[in-house]
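Peer 1: Given chain A's structure and the hints, the job is docking chains B, C, D and E onto it.
Here is how the chains run, residue by residue.
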Amino acid sequence: MTDFISTSFMEHAVTILLFVLLAVTAIAVLRLTNLFAVVMLTGAYSLLSAVLFVVLDAVDVAFTEASVGAGISTVLMLATLSVTGWRRKVSSSSNIVPLLVTLVVGGALLYGTADMPDFGDPNAPANLHVAPDYIKGSEEDIDVPNIVTSVLASYRSFDTLGETGVIFTAGIGVMLLLGSRRKKKAATDKTGETA
Amino acid sequence: MNHHLILRVITKILIPPILLFALYVQFHGDYGPGGGFQAGVIFAAAFVLYALIFGLDAANDVAPPHIVRGFTAVGWLLYIGVGVWSLFLGAPFLDYSVLAHDPIHGQHYGILLVEGGVGITVASTMITIFNYFAEHGRLPKEGDDD
Amino acid sequence: MASPEIILAAAEAGHIVTAAAGTHVGTHGATHHEAPGLLDIIRNNLPALQVLVPLTLAPLITLLNNRNLSWLLAMVGTSVSLLIAVVLTTQVLDGSVISYALGNWAPPLGIELRVDAANALVLLIVAAIGTCAAIYARPSVDKELGMTEQPLFYTAFLLCFSGLLGVTITGDAFNLFVFLEISSLSTYALVAMGAKQDRRALNAAYNYLILGTVGATFYVIGLGLAYMMTGTLNMADLAQRLPDLMGSGTLWVAFGFITIGLATKLAMFPLHFWLPNAYTYAPSVVTGFLAATATKVAVYALIRFIFTVFGADFAVEAQLFGKVLLPLGLIGIIAGSLVAIWQVNAKRILAFSSVAQIGYMLVGLGLMSLTGLTATMLHMFNHALMKGALFFALGAVMWKLGGVTLDKMRGAGKLMPWTMAAFVGGGLSLVGVPTTVGFISKWYLLNAAFEREWYWLIAILLITSLMAAVYMWRVFEVAYLRPAPEGVQKGEAPLLLLIPTWALVLANFWFGLNATTTVNLAETAARGLLGLTGGAN
Amino acid sequence: MISDLLSNLNWGHYNYWIIIVLMMVGLYAVIARGNLIKKIVGLNIFQTSVFMLYISLGKVDGGTAPILEEGLTRPFSNPLPHVLILTAIVVGIATTALALALVLRIKAVYGTIEEDELEEADNKTEAEEAQLAADILGADDNRGGAH
Amino acid sequence: MTMFAATAIALMVTMLMALVRLLSGPTVYDRVLAVNMFGTKTVLLIAVFGFLTGRPEFLDIAIVYALINFIGTIAILKFFRYRTLGASTAELQDQEGAQ
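Protein chains in written order, with my numbering: chain A, 1 to 195; chain B, 1001 to 1146; chain C, 2001 to 2537; chain D, 3001 to 3147; chain E, 4001 to 4099.
Next comes chain A alone, as it looks inside the complex (with noise of 0.2 Å):
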């Protein structure tokens, strides 16, 4: 039992370690001028939220933000600076609204915090509602150890549907929007490629 209380101790330790950690990443982003490593910290941050994900108990989650996040997302980032440049110009225009809307923002959503369940509260409505549906029917109905795949697969599986779909949907976009230039350099030249 004492290894219980000690279990929870910690995960509450090593997230709270996570967030400062999390926030400094973040603030440095903002602040940086130069893209390079500001494309170098969006995956740090993507690697920190997903270890934050590991330790809030969303393996899946975690496993597809380290490779989307910190992996795809800045590989095309890096694409994209190589043929944009990565200084910024630092603008003069005031920052003064877009601090009030975030602040506004912000403020409603701290406001909102009151009424909240606890973190980690087990008796939260989300944790009595339909969770244990899910739970107890991916082992009877589905027999499918991992609970997310169930879930994703099977129950709610048309918005795993719809979101193959939106994957499709940006290769679809990417092509249209990257294609036409693609193709005017394969009739150019065609002797450098000859498959």
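Rather than coming from a laboratory, the hints here were simulated on the basis of the structure. In this text, all values refer to a predicted model and were calculated from it rather than measured experimentally. We put the beta carbon where it would ideally sit given N, CA and C, even for glycine. Be careful, since some hints might not be right.
[Unchecked claim] Pairwise CB distance ranges, derived in the manner of DEER restraints:
#: 1; chain 1: A; residue 1: Phe9; chain 2: E; residue 2: Gly4025; range: 33 to 39 Å
#: 2; chain 1: B; residue 1: Pro1064; chain 2: C; residue 2: Ile2341; range: 51 to 57 Å
#: 3; chain 1: C; residue 1: Gln2240; chain 2: D; residue 2: Gly3012; range: 24 to 30 Å
#: 4; chain 1: D; residue 1: Trp3011; chain 2: B; residue 2: Ile1006; range: 47 to 53 Å
#: 5; chain 1: A; residue 1: Ile16; chain 2: B; residue 2: Ile1067; range: 46 to 52 Å
#: 6; chain 1: D; residue 1: Trp3017; chain 2: C; residue 2: Ile2341; range: 46 to 52 Å
#: 7; chain 1: A; residue 1: Ile16; chain 2: E; residue 2: Arg4081; range: 36 to 42 Å
#: 8; chain 1: D; residue 1: Gly3012; chain 2: E; residue 2: Asp4030; range: 37 to 43 Å
#: 9; chain 1: C; residue 1: Lys2196; chain 2: E; residue 2: Gly4054; range: 58 to 64 Å
Peer 2: Below, chains B, C, D and E alone, put in the same frame as chain A:
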């Protein structure tokens, strides 16, 4: 002179295990963390690694772009197909229980196929997107005629 | 407010799952061992097929990668959807609700599709305009886009189309977000396709993307808070659980974020910045399709959240109607109309007029009455008809004259009489001339204002109608009273452009003269939203 | 007074407070930064922080990852937010990819990715267009008046 | 258990140090190294955390991190050296040799 020898050798050694790992993530998704989406991304990461080291042209020889592009659609159609199959068996869309005699087996088949579809689409779309981005970066800067 | 009673829509909707949550029923294993007939399958699964048909054809187009086939498939996808939408509408016209449990999982557990009069109306709009746009696309796309991109274009178009249908038909709040993103992502790409004509399309698409994504993220935040308090994502289930939580600060915030998120998508006044540029520089067919459908779907989603999910009481408590929707709607109407008057690009005039027209819908909501809500629902349908007709006509002008700035449109009335006649027809409807649909929706709006005895509102509505007459007149004047620039040959746009345009214009007059069907549908929808049907209260 | 405030705060919400701060940092970057890539980075941070909000609301104290295993006595954390966020991550990367593709095109066509320069260029085109239209229509008017 | 906890904390402290280096630069190589180190510490942290909570079977995730970290570092270095991601390294080297 050839400074990148180590990278090239390491990459050649690494890529098969990466692909294997992608398959493991794909099919182990029922038992541990992972699934079609993650497997697809890892699969695409292997391609990205290959393209980074050996160049896009070499990578495109391995995975011809027009075929990869077709697979983006194939994966999704596979997913939808599973749902339509259940329609033809007289059940609502995406009801896997009717896919086999035993509902639980049906669920297993359904999840397996559906995750496969997701994996195919994600891997091929990610490869395609990377292809287009890297290709765009190689184009000469001037002479854009839009 | 109790959710409307689920009435089984005859024996056809055999798939309404009534099992208790958590138990999985294999109803079909025993009875349907032999494969059922195709017709039965179609009849039993109409709500799923509504989204599924275009959704399946979209990847198929990419796979086949053939220009002619892709147009044909887009036509098939949209027209079959239209057919299904019509059938679904007839089934819910009596106020009943069709519920379809995907994967045969009972609703709060699985995802549910839900059709009632309100979304049948929107489905009808999207499917009808989509069909017109698909016909229209053929010559328009040939002219404005490269040949090789066409299969991709049609794929994106069908994705956008099915995304909008999905947003409309789903009964699950998170599923709504997924389909919203399918439609939004394809929209960004489609808008950017205008770059072949005008590079500003790229910038417009980028700004739309950023604002749209922030809006969608706001929606997700709001939904997360609502989920935190209730533990469910199903709209009907949310509706049941939320009244107990009235007064919770978290819920206020959730409501606020969902409203702002959707308001961004529907271009409510201060969040409308993306709209004018996106509509102006997108390819003609895309503009026509989006202007007629995308914002309506977002308005519908907002209505669904206000009335079905949170409930009108909650919204009244939040002072959403009086302090937010009504004033912002009014400012939107006035500002949109004013700015429209000073534009020199006809597409831009119409885009700003769209901001104003969305204002009318919000004012209808802000009136907080059955008549007001009916007017809003009616105006969604009617505005789709008129904006579709107007933008399609402009697209035909663009096809011939290469641009729609006022100087390029000189003498268009003489050069292409049929096209411009269609434009005038749509314009009259926009102004609200009797015998057109524009008149019908304005009439209901005025009635609602009259019921409340808000005579100032009546005055504003009349004045803004006059403003609409002014900005439309500027185009008419240039097109009819000025000589055409020398060297331009007289000649019409191709038939495939004119047919859908005229179909919409005629619909403007047809539904303007025989308004009973649409008014019935709108009123059933409004009653359903307010919980007045089925005696469920 | 401050100690009053502090004792009244519910420290069980500390995670939400930090997440809100992170979200706002991202949102601020989206609104305030003029560089198109920086905006996308801001959007990424905003969205990732929203993911944290979801994941932390499903966490159960002392709970464990929702993967069934023999002999586990601890409760499972709520799997539903995980599923939702998996979908949301996919949507996020899709949006990022599309946005970056747009940035590449904008750079190719406009030659810049700074918002104020883009706006300037667009405004210039617009003013020219309006001027041209006014000139042509005005010339028409004059001719009409002479008749 | 205490051992694992102490290790986790120590790892986070080193992560913080790597982060500082990542922020302050000053050269790009410092940043690349810092990112790489940051990634490595993340992998270790995940592994340690798995043992800490008694479910070490999630080591899969750590493997993915290591993998992604490797590919990411190569992409960053290649970008920094050659400003392109598409060309093959051999080709690029030949070009350099020719100059």
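Peer 1: All hints, please: hold or fail.
Peer 2: Cross-check of the supplied hints:
The hinted window of 33 to 39 Å between Phe9/A and Gly4025/E holds, with their beta carbons roughly 37 Å apart. Against the hinted window of 51 to 57 Å, the Cβ-Cβ separation of Pro1064/B and Ile2341/C comes to about 55 Å, which satisfies the hint. For Gln2240/C and Gly3012/D, the Cβ-Cβ distance of about 27 Å falls inside the hinted range of 24 to 30 Å, so the restraint holds. Taken as a hint, the range 47 to 53 Å holds for the pair Trp3011/D and Ile1006/B, whose Cβ atoms sit roughly 52 Å apart.
In this structure the supplied range 46 to 52 Å holds for Ile16/A paired with Ile1067/B, their Cβ-Cβ distance being about 49 Å. At about 48 Å, the CB distance of Trp3017/D to Ile2341/C agrees with the hint of 46 to 52 Å. Look at Ile16/A against Arg4081/E: about 39 Å separates their beta carbons, and that is inside 36 to 42 Å. Gly3012/D and Asp4030/E have their C-beta atoms about 40 Å apart, which keeps the hinted 37 to 43 Å range intact.
Our hint of 58 to 64 Å for Lys2196/C and Gly4054/E holds, since their Cβ atoms are close to 59 Å apart.
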